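Chemist: Next come the chains, spelled out residue by residue.
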Amino acid sequence: MQDNRKQILKYLETNSKADLGELAVLLGLEEAEVANEIADMEKEKIICGYHTLIDWDKAGDDRLNALIEVRVTPQRERGFDRTAERICNYPEVSATYLISGGYDLLITLEGRTLLEVSRFVSEKLAPVDEIISTTTHFILKKYKDHGTMMTHKSKSERIPVTP
Amino acid sequence: MRNPLSKKIVSIEPSGIRKFFDIVSEMPDAISLGVGEPDFDTPWRIREEGIYSLERGRTFYTSNAGLKDLKKEICRYLAGKIQVKYSFNSEVIVTVGGSEGIDIALRAMLDPGDEVLIPQPCYVSYLPCVVLADGVPVVIPLQQKNEFKLTAEELEAAITPKTKILVLPFPNNPTGAIMTKEDLEPLVEVIKKHDLFVLSDEIYSELTYKSDHVSIAVFPGMKERTLVINGFSKGFAMTGWRLGYVCGPEEIITQMVKIHQYAILCAPTNSQYAAIEGLKNCSDEVQEMRTAYNQRRRYLMHEFKRMRLDCFEPFGAFYVFPSIQEFGMSSEEFATRLLGEEKVAVVPGSAFGESGEGYIRISYAYSLEDLKEAIGRVGRFVDRLRNEV
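Residue numbers (my numbering), protein chains in the order written: chain A, 1 to 163; chain B, 164 to 552.
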């Protein structure tokens, strides 16, 4: 990959709010260069979206995050894809992965209550013919998310002036 | 009662930086740009290795010159980094930071009256360490028009029949200057012609932003007359672990081990184990820090240009060294007023030698957010000074 692209992506990955002019200064590029490169990568679907990392607990909005392991019978010619795509269509599903190991699909789900999540599993997932079994795990505390520490760091203990 | 003190010690000035530290410590809302150490925590895998070494009960002395495995890793690392091959069992000593290396190297090599050339502005410890070793420090004032590099002419002009050692502190603290292969080449001839030894302090060698660091030891015939000083403080963000090393001719290293043996015994054992992990597996972490420093460096240069502050572009370490000569005051006065009026601490250039007068050292070992706030204040201060005139 071109070095400029890699640098831009690395920066945007943890800071999608970046001001283009500032980003250009930090990377030693022209502002137009950065803008064009980003526009191209959006077109090429290298950049697929801009998200914000939110601590919903702090925002006072109760949310429940669950990880659901799903075992699936693969279908002829389509493998796991069709089942996975069906699951993806539910808005409460935030991610779906095909996984190697003891089960096939890993789903991350966002709900408001325990009841809502359990309903989704029993009414939407379990009845699908190809789905053999599910195991639901609830996330109790986020320590680190998307490479960012969610627990807050204590102040630096550096001495203010040193040679 | 008799005077308990040595005249030699009493004659040495305490570091000029101390005074600022005392003032800043009393100001809770001051922002400091005066720090000479990384803002990053030591990479986790290094810390974890340090913890593990304690769990394993590795709490004993190591051999005087350092752990064999660490010395081997240092040699492997340097062979890749500066393309100079050292023998791990005779040409390396592990020290308590690069600073111990400076001290014992000078003590091992100097006889009373030997002259040591010190290009300034530079780190504060060379000059007093020369005095402590009974040598005579001879300062070479470097100039902004040469981007604070040492030129062959400047070197030649400072040499006398008593000159024995040249200190070569690049990448440089406080200027951020580096010496490229082309810059070093002409020095090599002069050094050989006058049969000098070189103390090459390469502690910032991991932090260069234009071209890779070049050590003077790589030139033909220079390994025999060069001590390379390096360590883990800056590139690996390990200042508090106090770990450095010196590589050079066996003849000199053997004598240095003797001083180290009697004065220190050995560098901290658990730091040594942790450092092995750093050399083996932390090049990604080091690269990430370098990228972050480079972004901040570009940001500062951009801001200085905007406020029309005269500053040569530095390509090493984590300092910029803007000139404040247009304001017609000493760098100490500038720094004192900046601290008092805008609560931003910088280090006056004069703390690094007379040739640093007229400049201030700004460290960018701070997060971009901190730098933005601080530079905003510096900008306000500079505007106000210009309106005063």
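Just to be clear, a hint being listed does not mean it is correct.
Cβ-to-Cβ under 10 Å is the rule here; a few derived chain A residues that face chain B [to be verified]:
id, residue
1, Arg5
2, Gln7
3, Leu9
4, Tyr11
5, Leu12
6, Gly28
7, Ile159
8, Thr162
FYI, nobody ran anything at the bench for these hints, they're computed from the structure. In this text, all values refer to a predicted model and were calculated from it rather than measured experimentally. Note that the Cβ used here is the ideal one computed from N, Cα and C, for glycine as well.
Chemist: Look at each hint and say if it fits the structure.
Modeler: Status of each hint after checking the structure:
1. Arg5: violated, 15 Å
2. Gln7: holds, 8 Å
3. Leu9: Because about 13 Å separates A/Leu9 from the closest Cβ in chain B, which is outside the 10 Å limit, the hint is violated.
4. Tyr11: holds, 8 Å
5. Leu12: At about 13 Å, which exceeds the 10 Å cut-off, the nearest Cβ of chain B leaves the hint on A/Leu12 violated.
6. Gly28: Where the cut-off is 10 Å and the nearest Cβ of chain B is about 5 Å from A/Gly28, the hint holds.
7. Ile159: Cβ of A/Ile159 sits 7 Å from chain B, so the hint holds.
8. Thr162: holds, 4 Å
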